[in-house]
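Listed below are the residues making up each chain.
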Amino acid sequence: MNKARELRAHRRGILHDEKLTERLMITPAIIALAVISIFPLLYMLYISMFDYSMSVNNPTFVGFQNWARVLKSKTFWACWKRTGYIAGIGISVQMVLGIAVALLIYRLPKGQNVILTLFMLPVFVAPIVAGLLGRFLLNSTYGFYSWILSTFFGYSEELFANPTGAVIGIVAIDVWEWTPLVTMIVLAGLQSMDLEVLEAASIDGASYLAKLRYVIFPLASRTILVALLIRSMDILRYVDTITIITEGGPADATRTSGYYLMQTAFRFQNFGQAAVMGIIMIAVISVLGKLFIRLMGRGVM
Amino acid sequence: MSKGRKKGAGSTKKLVLNIVLYIIAVFLVLWSVLPILWMAISSLKVSTNMFTLPPQFIFRPELGTYKYMFTQAGFGKFLANSLIASISSTLVALFIGSLGGYALCRGRFKRQKDISFWIISTRMAPIPAVILPLYMIFSRLRMVGTMPGLVFAYTTFNLPFALWMMMAFFADVSPALEEAARVDGTSKFGAFLRIALPAASPGLAATGVLCMMFAWNDYVFASALSGASTQTIPIAASLLVTQTGIAWGQAMATGTIIVMPMLLGGLLMRKYLVKGFSMGAVK
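Heads up: the protein sequence lines correspond to chains A and B, in order. Quick note: to get our numbering, add 340 to the position in the first sequence (first position is 1). Quick note: to get our numbering, add 53 to the position in the second sequence (first position is 1).
For reference, chain B alone in the conformation it holds in the complex:
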């Protein structure tokens, strides 16, 4: 910063500009982070000081809301349902997705472009338009409200996503090593399993975290397809909204429980986020 003064007017101008830019940046960060922080803080307040304005930032944190949710409101069950549904669909998507993604990336298929379009349009299909036929089919098969039904529903968006992403991640792995192994007599599948897959494993992990997130964060599919015994946490959150009012303490605690693991998972695979969120179009 002292360098700025030495160099005269141009540098001073630059210094001022930088300070202004950082001030704006701090505001942008506040705009993004404050609501999440607010939620977490509110979930630790007792209802008497939760609604106080101007807000109290110094207070004794209480875990009462969380204790109530897990001991009396049966929250453990919702948590278990969410975990089972999102983990199962993620595993299915990763399994089929890495096999198919590899084949699509390395193989030569006649209608590669059409397959790509098929995968993308399945991934991006409007949620309400996917739910309707699923609901009708499931009600014929008596699968509405069951866990397999929910897992299947989540696979409708996770599978095309995993396929697409694994295709992009395998494209980043140089085929040279696989070819060398092939010359040494390893089978094509052996080369995939022992060389390509380990090399693409960070991508596999990143894809897995995102699949988890999409299923974990879902509300609309579960609202139509889950039943009394398969309600997930987002459904539990929505049930706190009633005609007579909203149990805000529990709503903020539920929100915190939904958001925190995803923040953590997202930050862990920070490096691959752009690729994941741009459907592999940007590295």
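Isolated chain A, as found in the complex:
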């Protein structure tokens, strides 16, 4: 009797010790997360209530005026619209191309790994270097790719000098850098597929398209969604290439909401309105994050 009670108490002690250790181990992370995310967010809310245009060190309280100005500003909505279609085009191309390449590599009888490894090298390239390279290769007088375009396709204009060309150029660089990410994730999904289902479909004489539609896509749909969400969150984050190539131009063609925020804050010193834009951006990306968490909870991890 006594022994059992002792044992129980001992076990309770261990559990208690365990809980305490876990608490202690997670505390630095929680504090650090609060310092790097909650505090800046609250501070940004604070900034959004002030006008810094007179003096950066001595801002005046203006309440929700910045909010009203930003939400009524045509430029602000124009930037979001632009962000929407640049991101929309970029992500559509990356998803379609990325999935196609993944399917292609998956069909190769040999060398899948070598091809994928070489194909994915651009994901390691710093976005600013990708931007510089794009600018170099697409320069109309000495760019190698421009030379190919003009010799074989008769296009000899300066790509980044006209609005449509600039958007195409920026999207192309993003596609070059991040399509491999989609391929990598989707291919991993394909490779972990249950082969028996696929073989059964082959024996049944299903055509490749039918297999794609009824077997491969349903099985790979989760990884495809993961790739889609990660790319969507990422494409809204980066402003490097735009900063180094077009600076939002020509004629605002590449002024995305992220770049506009940087401009409003660091070129026009209008920190109050920039803060409003920042909070709105965070809200948009949070929705995507929430979807991602739900997706993770549903599937294999």
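Since the hints were made in silico from the structure, they are not lab data. Honestly, I wouldn't trust all of these hints.
[To be verified] Chain B regions said to be covered by chain A (calculated; three or more residues, Cβ under 8 Å):
hint : region
1    : 70 to 82
2    : 150 to 158
3    : 241 to 251
4    : 269 to 275
5    : 315 to 323
6    : 326 to 335
[As the list claims (entries may be wrong)] Distance condition first, Cα-Cα at most 27 Å in a straight line; then the derived DSSO-like pairs of lysine-lysine:
hint : chain 1 : residue 1 : chain 2 : residue 2
7    : B       : Lys-66    : A       : Lys-450
8    : B       : Lys-166   : A       : Lys-630
9    : B       : Lys-163   : A       : Lys-359
10   : B       : Lys-163   : A       : Lys-630
11   : A       : Lys-450   : B       : Lys-336
12   : A       : Lys-551   : B       : Lys-67
13   : B       : Lys-336   : A       : Lys-551
14   : B       : Lys-67    : A       : Lys-359
15   : B       : Lys-67    : A       : Lys-450
16   : B       : Lys-324   : B       : Lys-336
17   : A       : Lys-450   : B       : Lys-324
18   : A       : Lys-359   : A       : Lys-450
19   : B       : Lys-66    : A       : Lys-551
Remember, it's a predicted structure, so these values are computed and weren't measured experimentally. Backbone N, C-alpha and C fix where the C-beta goes; we use that ideal spot for every residue, glycine too.
With chain A fixed as given, assemble chain B onto it according to the hints.
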């Protein structure tokens, strides 16, 4: 391949299809690799043949640009800054991240899902929206342009990433061994330190390499938060772009220096890349 002929029309068709697939694959590889190769080759050319088109593939490689950058343009300083900033933030992230990641993975916390969402949204927060409040806070504390400021800024994305990844990597380690050690009287923390952490060490290394890469490749944070004495290599690269033109030789050499170590690091941990780039959602 000779097997294909024996088996008749179906196999020939398959052989042709495979050849077509490999040809496309070669083009895809070229599309990805050529710009990087082009950059490295251009950095070894002298400016007189750098802009020649059609391109010259046979030329005498010159290291003049690199020599100039390190001896006259003070490139060593940029390199040192980049290394200090990215290594420091990586170490901080790994330390806090492995402790917290383990606790989150093994422990039972009431609001696990909320914490997960918190970590992911901190990692994915839009960069411009993170920079703004940091810049305002740092200017109050006189930390703009300082190394601790830059390290802190990099930790804002590396810490949530490390936490998240270590949580996923610890989930792959079977708790059985730790439990056995616990029965033998090892403390919970001892079990973490001596059993779980060594078992997850490849994951720790992979997370470290990716943290390094994110910080090393950053341009936007450094553009707002670094100062004259803390400029990193990506900033040095951007400074080569001026109103009057771009010093392409140096730009290509700088790009090569930024990219090569990351290619190497990425290839070394090739096995864990999918997990890292999909935020642990795909193995």
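B:Lys-67 and A:Lys-450 were given as a pair; does the straight-line alpha-carbon distance stay at or below 27 Å? holds, 14 Å
How does the coverage statement for the region 315 to 323 of chain B fare against chain A, requiring three or more residues with Cβ below 8 Å from a Cβ of that chain? holds (count 6)
At least three residues with a C-beta closer than 8 Å to a C-beta of chain A: is that true for the region 70 to 82 of chain B? Coverage by chain A holds for the region 70 to 82 of chain B (7 residues, Cβ < 8 Å).
Does the region 241 to 251 of chain B contain three or more residues whose Cβ lies closer than 8 Å to a Cβ of chain A? Result for this restraint: holds, n = 3.
Does the structure keep B:Lys-324 and B:Lys-336 at a Cα separation of 27 Å or less? Distance ~9 Å between B:Lys-324 and B:Lys-336 Cα, so the pair holds.
Please verify the coverage claim for the region 269 to 275 of chain B: does it have three or more residues whose C-beta sits within 8 Å of some C-beta in chain A? holds (count 5)
Quick one, are B:Lys-67 and A:Lys-359 close enough, alpha carbons at most 27 Å? Outside the cut-off at roughly 60 Å; violated.
Against the 27 Å threshold, does the CA-CA distance of B:Lys-163 and A:Lys-630 hold or violate the hint? With a Cα-Cα distance of about 18 Å, the restraint between B:Lys-163 and A:Lys-630 holds, given a limit of 27 Å.
Verify this for me: three or more residues of the region 326 to 335 of chain B with a beta carbon less than 8 Å from a beta carbon of chain A. As far as the region 326 to 335 of chain B goes, the hint holds, because 8 residues have Cβ atoms under 8 Å from chain A.
If you draw a straight line from the CA of A:Lys-450 to the CA of B:Lys-336, is it 27 Å or shorter? Roughly 22 Å separates the two Cα atoms, so the pair holds.
Take a quick look at whether A:Lys-551 and B:Lys-67 sit within 27 Å of each other, Cα to Cα. Within the cut-off at roughly 17 Å; holds.
Do the alpha carbons of B:Lys-166 and A:Lys-630 lie within 27 Å of each other, as the hint requires? holds, 10 Å
Of the numbered hints stated above, those contradicted by the structure are hints 14, 18, listed in ascending order.
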